[in-house]
Amino acid sequence: MKNPFENEQLSFFVLVNEEEQFSLWPAPIDVPAGWRIVFGEDTRANCLAYIQSHWTDMRPASLKQQTHGIVK
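Residue numbering for the sequence shown is 1 to 72, as defined by my numbering.
Hints in this document: simulated from the structure, not taken from any laboratory.
Given the structure is predicted, the values throughout are model-derived calculations rather than measurements.
Even glycine gets a Cβ: it sits at the ideal position worked out from N, Cα and C.
All clues given are correct.
Label-pair restraints from in silico Cβ distances:
hint	residue 1	residue 2	range
1	Gln66	Asp30	30 to 36 angstroms
2	Pro4	Ala49	16 to 22 angstroms
3	Lys64	Glu6	28 to 34 angstroms
4	Gln66	Glu6	31 to 37 angstroms
5	Glu6	Trp35	16 to 22 angstroms
6	Glu19	Glu41	19 to 25 angstroms
7	Gly34	Asn3	20 to 26 angstroms
8	Ala27	Gln66	32 to 38 angstroms
9	Gln65	Gln9	38 to 44 angstroms
All chains, full assembly: derive it from the sequences and hints.
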């Protein structure tokens, strides 16, 4: 059985959490709590391209806020 995260035959979503971290997620698997769909359902390649073009700062949101002196 193939790892669903590497299976090119499946459709995928791009998820984002509260910390603005992205995840490639196989469509047949339930979206975990704390994550929301921001792109897809689409091919694995298109979802990876979306992540590459939109996740330009790998720092979690809380760290970005601290860096800019903004604390919730």
